[in-house]
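Trainee: Required output: the full structure, derived from the provided sequences and hints.
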Amino acid sequence: MPLLDVDDLEAGYGPIRALDRVSLAVEEGELVAIIGANGAGKTTLLMAISGVVPARSGVVRLGGRRITGLEPHEIVRLGIAHAPEGRRIFPRLSVRENLELGGFARDDNAQLKRDIDEACGLFPVLAERMHQLGGTLSGGEQQMLALARALVGRPRLLLLDEPSLGLAPLIVAKIFEVIAGLTARGIAVVLVEQNARASLKLAARGYVLETGRVTLTGTGPDLAADPRVRDAYLGE
Amino acid sequence: MRAFLQERWELVTLAVLAAAPLVVPALGGALGGQVTTLFVYCILALGLNVMVGYTGLVHLGIAAFFGIGAYVMAILTVPMYPFQIGWLAAAAVSIAVTAAIGLALGAPTLRLRGDYLAIVTLGFGEVAKVTLRNLEQITGGMKGLNPVPPPGAGLKLGGLDLGLAFAVDPRWFYYLSLAALAGVVVAMRRLERSRLGRAWVAVREDELAASAMGISATRVKLSAFAMSSAVAGLAGCLYAGSLSTTADPNAYDFNRSIMVLCAVILGGLGSIPGTLLGVAILVGFDTVLAPWADSWIQQLDVNPSGSSLLSFSGWRLAIFGLALVLVMRFRPEGLVPSRRLAAELHEAHP
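Keeping their order, the protein sequence lines are chains A and B.
Add 11 to a position in the first sequence, counting from 1, and you land on the number used in our numbering.
Add 56 to a position in the second sequence, counting from 1, and you land on the number used in our numbering.
Keep in mind the hints are simulated off the structure, nothing from the lab.
In this text the structure is predicted, and so the values were computed from the model without any measurement.
Do not take every clue at face value.
Derived lysine to any residue pairs resembling SDA-like cross-links, with alpha carbons at most 20 Å apart [to be verified]:
| no. | chain 1 | residue 1 | chain 2 | residue 2 |
| --- | --- | --- | --- | --- |
| 1 | A | K124 | B | S250 |
| 2 | B | K212 | B | D225 |
| 3 | B | K212 | B | A223 |
| 4 | A | K212 | A | T230 |
| 5 | A | K124 | A | S149 |
| 6 | A | K185 | A | A195 |
| 7 | B | K212 | B | Q140 |
| 8 | A | K124 | B | R251 |
| 9 | A | K124 | B | K212 |
| 10 | A | K124 | B | D225 |
Mentor: As structure tokens, this is what we get:
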């Protein structure tokens with residue numbers, strides 16, 4: 012049984028159907044990449060999984076349990092962390108407070124402290140900026156904070172929306188390095204990326220989304236070698 | 057270190073205020089009552105600060121909850137009703153009732169933000185005032201309800217009749233309100249650092265991100281609504297108690313809501329010392345300084361025609377307005393800002 016099982020999911024906004032019977036599965040500790048053009052429905056897919064956007068039909072299951080229709084804060088408690096597009100850190104809270112909020116759904120304070128330290132171990136710059144306000148960090152540091160904040164919640168599944176958006180190549184490399192390390196810790200990841208080349212390199216499997224439908228799926232290397240993907244998303 | 061100094065500052069203020077009645081004989085007279093009113097408004101403003109400051113929800117009708125608190129207190133204690141359950145018990149009921157009304161108003165309106173929530177709370181404030189005025193059989197209409205007996209009426213402590221002591225010496229209510237204010241300040245300090253306090257701020261900062269952290273925005277906003285209302289209800293109880301009447305419903309009108317909101321903004325949204333200072337300046341001017349200056353002008357006898365141009369009270373709204381404009385121009389984060397707001401307003405965007 013897969014950890015995450017999305018079955019014929021439909022969602023949208025008003026008359027617009029953003030997801031058209033999307034099905035996908037993610038195994039425990041697996042990294043799955045979703046690639047697609049702007050407006051293909053990648054962000055909506057993540058939001059429908061985490062409950063921010065309601066599903067119109069279809070089912071999402073986590074570990075066999077149906078989570079469709081639950082509120083976002085309930086879904087977080089079941090082990091899905093969502094690092095939304097645009098980082099969405101709390102600008103007027105300190106780095107530490109941001110990280111503590113990442114563990115809001117937890118009630119084991121001592122362990123939470125250790126997890127915050129561990130998250131800072133992944134991104135040492137956060138430890139240096141612990142008491143700085145989130146809004147004063149650079150874009151790359153904010154993305155690191157968003158990622159660390161999501162990890163502090165101890166998710167079984169992490170939804171990452173465009174973690175490389177607008178960042179310098181060096182920082183992107185650093186962030187992708189950390190993402191690649193997550194699966195070793197048993198965390199499954201759904202990675203939505205414009206940077207198809209880098210994300211397919213990391214991913215065990217990938218899905219191609221076009222105007223709300225899954226049009227292609229396969230292992231990371233297979234997709235990266237597929238002529239249709241190369242043509243449309245890898246610019247070759 | 058800074059937090060430590062801040063707390064020290066509060067303790068010093070508390071000590072000075074606690075010692076004042078022993079040193080300043082005027083506090084045994086009308087001035088004592090005026091300063092008590094000031095404490096009551098401090099409590100009211102701290103309640104409003106939960107919604108406006110911490111949670112970022114605009115509330116233009118806080119005076120309605122202040123008034124409901126006062127009226128529930130009165131209905132449960134005045135001789136014309138059979139309840140007469142005693143001041144403390146009435147205060148507990150009154151706080152529960154205002155919290156419940158806050159929830160009832162909050163539940164259907166929570167999805168509104170900004171301007172729309174402002175309009176709903178404004179409307180509620182007006183409806184509450186008009187209802188209090190028109191339900192004459194219950195609320196006494198424009199006469200209000202009285203006499204609200206003081207706390208401990210009929211209770212004897214040693215040779216001292218507590219009710220009588222409260223009735224003849226305003227210093228009793230001075231101390232009661234000061235103690236209540238100190239209690240509210242301590243409670244707010246703790247709330248600020250609690251899980252709930254964090255959740256309030258997180259929802260204010262970014263609702264979507266907050267829900268991605270596992271925070272239920274609905275529940276968090278409702279709790280802010282209830283907390284604001286309950287604290288306003290407590291203020292209402294003290295107000296009715298110290299005046300021994302609810303006064304007429306106009307005491308709880310829009311002007312009152314706006315004055316308290318102005319005080320919170322002037323002092324600094326989300327800042328406890330700021331809120332207290334804002335009230336001290338605005339309400340202090342209104343209830344203590346202006347009447348004092350007016351009587352002084354009268355004594356000078358320079359205004360035999362009684363023109364309102366020559367009275368301070370006549371200028372109060374103009375002075376409020378000017379104060380707000382000046383603060384917004386030169387110190388938009390308020391006089392004693394919370395760390396966060398100051399950072400946001402004085403930083404180049406990253």
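Trainee: Would you mind marking each hint as holding or not holding in the structure?
Mentor: Cross-check of the supplied hints:
1. A/K124 / B/S250: holds, 16 Å
2. B/K212 / B/D225: holds, 16 Å
3. B/K212 / B/A223: Holds, at roughly 14 Å.
4. A/K212 / A/T230: Cα-Cα ~10 Å, so holds.
5. A/K124 / A/S149: violated, 24 Å
6. A/K185 / A/A195: Between A/K185 and A/A195 the Cα gap is close to 16 Å, so the pair holds against 20 Å.
7. B/K212 / B/Q140: Status holds; Cα separation ~18 Å.
8. A/K124 / B/R251: Holds: A/K124 and B/R251 sit about 15 Å apart, inside 20 Å.
9. A/K124 / B/K212: The given pair, whose Cα atoms are some 53 Å apart, is violated under the 20 Å limit.
10. A/K124 / B/D225: violated, 53 Å
Figure legend: structure checked against the earlier numbered hints; hints not met, in rising order: 5, 9 and 10.
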